[in-house]
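Colleague: Sequence:
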Amino acid sequence: MNKSQQIYHYIRTHQSVSKQDIVLGLKFSLPTITQKLQYLEQRNLIDTSRKIQNTGGRNATAYSYVKKARAAIGVYLTGHHINCVAVDLSGDVIDMTKERITFNLEDEEYLKKIGEVVERIKNEAEISDEALLGVGIAVQGLVSEDGEIVTYGLTLNFTGKTREEIARYIPYNSRLFHDSSAAGYAEVWIDHDICNAFYISLSNSVGGAVLVDNNIYEGNTQKSGEIGHMTVVPEGGELCYCGRYGCFDTVCRSTNLDQYTDGNLEMFFALLQSRDREAERLWDKYLDDLSLGINNIRMLFDSDIILGGYVGAYIESYMEELCRRVDERTSFSDFAKDFLFPCKYKVESAAAGAAICFIDEFFDTI
1 MNKSQQIYHY IRTHQSVSKQ DIVLGLKFSL PTITQKLQYL EQRNLIDTSR
51 KIQNTGGRNA TAYSYVKKAR AAIGVYLTGH HINCVAVDLS GDVIDMTKER
101 ITFNLEDEEY LKKIGEVVER IKNEAEISDE ALLGVGIAVQ GLVSEDGEIV
151 TYGLTLNFTG KTREEIARYI PYNSRLFHDS SAAGYAEVWI DHDICNAFYI
201 SLSNSVGGAV LVDNNIYEGN TQKSGEIGHM TVVPEGGELC YCGRYGCFDT
251 VCRSTNLDQY TDGNLEMFFA LLQSRDREAE RLWDKYLDDL SLGINNIRML
301 FDSDIILGGY VGAYIESYME ELCRRVDERT SFSDFAKDFL FPCKYKVESA
351 AAGAAICFID EFFDTI
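The numbering of the sequence shown is the working numbering, which starts it at 1 and goes up by one.
Keep in mind the hints are simulated off the structure, nothing from the lab.
Check the hints yourself; a few may be wrong.
To be verified - Below, in silico cross-link-like pairs of lysine-lysine (DSS-like), each with a Cα-Cα straight-line distance of 25 Å or less:
id, residue 1, residue 2
1, K112, K161
2, K223, K161
3, K51, K67
4, K51, K68
5, K161, K98
6, K3, K27
7, K113, K161
8, K98, K67
9, K51, K3
10, K285, K337
11, K98, K113
12, K344, K98
13, K67, K344
14, K51, K19
15, K3, K67
16, K68, K3
17, K68, K346
18, K19, K67
19, K3, K19
20, K67, K346
21, K98, K112
What the hints assert, rightly or not - What follows is a set of in silico ranges between Cβ atoms, one per label pair, in the way DEER data are often shown:
id, residue 1, residue 2, range
22, T221, K346, 24 to 34 Å
23, R329, G236, 14 to 24 Å
24, V347, E119, 13 to 23 Å
25, E238, Q42, 54 to 64 Å
26, P171, C195, 36 to 46 Å
27, E109, L26, 46 to 56 Å
28, K68, R329, 39 to 49 Å
29, E266, Q42, 41 to 51 Å
30, D288, P171, 41 to 51 Å
31, Y241, Q42, 47 to 57 Å
Think of the CB as a built atom: it goes at the ideal place given N, C-alpha and C, for glycine as much as any other residue.
Construct the complete structure from the given sequences, taking the supplied hints into account.
Modeller: Structure below.
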């Protein structure tokens with residue numbers, strides 16, 4: 001990082017600091033800090049309107065960063081919804097919306113609806129054209145390294161679709177992202193204690209993301225983390241959408257649970273809390289299958305494991321039991337409670353992650 005970036009991130013981390021605090025914290029010369037602060041102020045990235053109260057002498061200027069100086073928008077396209085969020089420079093979701101509509105990239109009205117949803121969230125969040133860093137589009141499929149083409153989209157049958165086609169009615173800088181990778185990136189971005197981790201997305205399909213040194217490891221052909229297609233039922237397994245039998249996706253997708261409640265996962269967990277026997281039976285099997293996958297991933301990566309996606313948003317209350325089942329499978333003396341965690345982003349993590357990538361790119365330009 002250059003000195004302007006270091007000073008900016010020091011202010012972000014400490015919220016409100018004096019010039020002397022920066023001198024002591026970063027060991028830069030006072031003239032250098034003064035020059036860089038002027039540069040950041042000219043870009044409207046920091047605020048100098050407040051003072052730090054002293055017990056004696058003149059009150060020093062308090063430097064704080066402006067969270068809403070820039071913003072990014074994230075869109076998540078699922079089989080039945082367009083989910084959209086606006087995210088500020090802290091990674092906080094400042095606005096969100098959800099439109100129920102069937103996924104169909106062949107339908108011009110559907111493509112127009114994507115553009116309308118983006119424009120709506122931009123207006124509601126009061127983001128100017130100058131402040132908008134970009135629009136990240138998370139999809140249920142693998143995308144090319146440059147974010148331009150869907151290279152594997154069997155889940156919703158859209159392999160080969162391009163960013164240009166999908167974002168036809170989005171008149172801003174945009175890019176495609178794999179949903180699991182975007183959601184995993186959001187998790188490590190907000191939790192600075194995580195360095196190496198495996199993110200498991202437990203939604204209508206199962207995916208994953210490998211995070212090494214706080215970055216997504218994509219693999220040689222951008223297929224890293226595709227744990228949904230590891231075989232866990234070699235004999236007599238269910239047919240997966242990929243055409244193979246017994247994939248992890250077939251036993252741990254969220255639809256295995258919410259099919260009991262007509263697609264309403266919240267209702268499923270409400271029934272589970274009320275000790276509904278069928279919900280308990282389904283959940284018991286789900287935890288067993290999930291513990292198998294978690295143990296396999298732990299053996300491979302020896303990293304933290306984060307549970308996200310639709311099921312991950314509800315799993316915190318059941319972590320003790322899940323950890324017990326993982327511990328029963330392990331060959332070593334470590335304990336799941338020390339490496340297995342529920343996600344922090346409970347809502348719209350894929351959309352948020354797709355937006356946050358633009359924020360990170362912006363930080364590199366300071």
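Colleague: Tell me, which hint numbers fail for this structure?
Modeller: Checked against the structure, no hint fails, so every one of them is satisfied.
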